[in-house]
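Asker: Required output: the full structure, derived from the provided sequences and hints.
The numbers in the sequence shown follow the numbering used here, run straight up by one, and end at 496.
In short, the hints are calculated from the structure, not lab data.
Where hints are given, some of them may not hold.
Said to hold, decoys possible - Below, a list of computed lysine-lysine pairs in the DSS-like style, where the Cα atoms sit at most 27 Å apart:
hint : residue 1 : residue 2
1    : Lys441    : Lys383
2    : Lys383    : Lys405
3    : Lys464    : Lys375
4    : Lys199    : Lys288
5    : Lys334    : Lys273
6    : Lys268    : Lys334
7    : Lys405    : Lys471
8    : Lys373    : Lys273
9    : Lys334    : Lys277
10   : Lys288    : Lys464
11   : Lys446    : Lys375
12   : Lys273    : Lys187
13   : Lys378    : Lys441
14   : Lys383    : Lys373
15   : Lys334    : Lys272
16   : Lys268    : Lys187
17   : Lys268    : Lys288
18   : Lys146    : Lys171
19   : Lys441    : Lys464
20   : Lys452    : Lys471
21   : Lys441    : Lys171
22   : Lys288    : Lys378
23   : Lys373    : Lys334
24   : Lys187    : Lys162
25   : Lys452    : Lys383
26   : Lys277    : Lys383
27   : Lys464    : Lys446
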Amino acid sequence: SSGLHDFLALKEISGWRDKDVFTQQDALDLIFRQKELDYTPGTKFSQTSSGLILLTEIVKQVTGQTLAAFSKEHIFQPLGMTNTLFHDDNETIIPNVAISYQVTNNEPKNNFINYSIVGTTNLYTSASDLNRWYLNFENPKVGSKKLIEKLTSPVTLNDGKTTFNPTAGRLLYGQQYLHAERGVPKIWTYGLEGGYASNIFIFPNQKVTSFVLGNNNRYNGGLAMNMAIEVLGDIFPEPPSIDFSKIKTFKTTAQKLESYSGYYWDNDRMTGLRMYVKNDTLRYHVLGNTYENLLVPIAENVFQVVIDGDDVMKVSFQKEKNNLKMVYTSGDSDEFKYERYMPKTYSTIPKRRSINPNKKTDSVITCGM
Numbered sequence: 128s129s130g131l132h133d134f135l136a137l138k139e140i141s142g143w144r145d146k147d148v149f150t151q152q153d154a155l156d157l158i159f160r161q162k163e164l165d166y167t168p169g170t171k172f173s174q175t176s177s178g179l180i181l182l183t184e185i186v187k188q189v190t191g192q193t194l195a196a197f198s199k200e201h202i203f204q205p206l207g208m209t210n211t212l213f214h215d216d217n218e219t220i221i222p223n224v225a226i227s228y229q230v231t232n233n234e235p236k237n238n239f240i241n242y243s244i245v246g247t248t249n250l251y252t253s254a255s256d257l258n259r260w261y262l263n264f265e266n267p268k269v270g271s272k273k274l275i276e277k278l279t280s281p282v283t284l285n286d287g288k289t290t291f292n293p294t295a296g297r298l299l300y301g302q303q304y305l306h307a308e309r310g311v312p313k314i315w316t317y318g319l320e321g322g323y324a325s326n327i328f329i330f331p332n333q334k335v336t337s338f339v340l341g342n343n344n345r346y347n348g349g350l351a352m353n354m355a356i357e358v359l360g361d362i363f364p365e366p367p368s369i370d371f372s373k374i375k376t377f378k379t380t381a382q383k384l385e386s387y388s389g390y391y392w393d394n395d396r397m398t399g400l401r402m403y404v405k406n407d408t409l410r411y412h413v414l415g416n417t418y419e420n421l422l423v424p425i426a427e428n429v430f431q432v433v434i435d436g437d438d439v440m441k442v443s444f445q446k447e448k449n450n451l452k453m454v455y456t457s458g459d460s461d462e463f464k465y466e467r468y469m470p471k472t473y474s475t476i477p478k479r480r481s482i483n484p485n486k487k488t489d490s491v492i493t494c495g496m
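Answerer: Here you go:
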């Protein structure tokens, strides 16, 4: 809720490539060049990592130590986390580290990280050390009970009431999300950088924490959740998947379904989707993604998204000022509002001719977008 533009978005706009060396100072330069805030701090929420970069600078100004040095001396060493560090120099070799990779065309390839930034990424740890970290939440040796409670409490705006509820769940101060798992309260977080991936699930009432750390650029949340279920047993009041055959549907017409067709845009999240009818069923797909989602009518202008899971995702349509708007929710999330728009079409860029001095004939260079 700082109003700062996300430095990662500014990095892309500035022309940086994914594998370019990118330092803490580079991130600070992008943040400090902002002419104005996106909005008054504390009045709304937006996804930005700039505040975490500035937090590392606050640590440095107050303690005289970098975040890497301060956390090692005051957090990791007291907890016995000897294999945990913030990697703030991409040229430094980390002992015993698992290589970050991905499989491309059945061949493993390096997926290295050239960042030298900390605060938002570059925290390396092991399964044993991460276990020590979460045991500290139960019996704090570093930090107080009051601090732990703060980290697991919801982030709010200046009014002290409004919370941030994306589809992942309710955001907590410790950069984690509160989200029910089949009716049971759960705190979770995840990370993905290069080929490294992590998923962590905490069931606070049962005092069970499950996590998986990986280095092969694959989602591993299913593994972590399966381990948690193995330990927790049959405590879930809701089934693992929604049985759509038992959902009471709303009778509608093919003409009505077609009236929802078109392109929709969420200006806050800069996300677009296309809504269309196929085989007498309303469907949509997010632009840039070929996977389609089926919609089942459950009320007038209200649909439920067909998924293989327990989250209740709904889409509703409403007319405003001679235009159609779509509202999307997932469980207890905030409303995500899309407005229908007409895509613009652009004429083909003409071919440009250039002379090849080595040949008697011209060669043609085609420029496209």
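Asker: Now look at each hint and say whether the structure bears it out.
Answerer: Verification of the hints:
no.: 1; hint: Lys441 <-> Lys383; result: 18 Å, holds
no.: 2; hint: Lys383 <-> Lys405; result: 13 Å, holds
no.: 3; hint: Lys464 <-> Lys375; result: 25 Å, holds
no.: 4; hint: Lys199 <-> Lys288; result: 35 Å, violated
no.: 5; hint: Lys334 <-> Lys273; result: 18 Å, holds
no.: 6; hint: Lys268 <-> Lys334; result: 18 Å, holds
no.: 7; hint: Lys405 <-> Lys471; result: 23 Å, holds
no.: 8; hint: Lys373 <-> Lys273; result: 45 Å, violated
no.: 9; hint: Lys334 <-> Lys277; result: 18 Å, holds
no.: 10; hint: Lys288 <-> Lys464; result: 21 Å, holds
no.: 11; hint: Lys446 <-> Lys375; result: 25 Å, holds
no.: 12; hint: Lys273 <-> Lys187; result: 24 Å, holds
no.: 13; hint: Lys378 <-> Lys441; result: 17 Å, holds
no.: 14; hint: Lys383 <-> Lys373; result: 23 Å, holds
no.: 15; hint: Lys334 <-> Lys272; result: 15 Å, holds
no.: 16; hint: Lys268 <-> Lys187; result: 23 Å, holds
no.: 17; hint: Lys268 <-> Lys288; result: 31 Å, violated
no.: 18; hint: Lys146 <-> Lys171; result: 33 Å, violated
no.: 19; hint: Lys441 <-> Lys464; result: 12 Å, holds
no.: 20; hint: Lys452 <-> Lys471; result: 19 Å, holds
no.: 21; hint: Lys441 <-> Lys171; result: 23 Å, holds
no.: 22; hint: Lys288 <-> Lys378; result: 39 Å, violated
no.: 23; hint: Lys373 <-> Lys334; result: 34 Å, violated
no.: 24; hint: Lys187 <-> Lys162; result: 25 Å, holds
no.: 25; hint: Lys452 <-> Lys383; result: 15 Å, holds
no.: 26; hint: Lys277 <-> Lys383; result: 49 Å, violated
no.: 27; hint: Lys464 <-> Lys446; result: 12 Å, holds
Of the numbered hints listed earlier, those contradicted by the structure are 4, 8, 17, 18, 22, 23 and 26.
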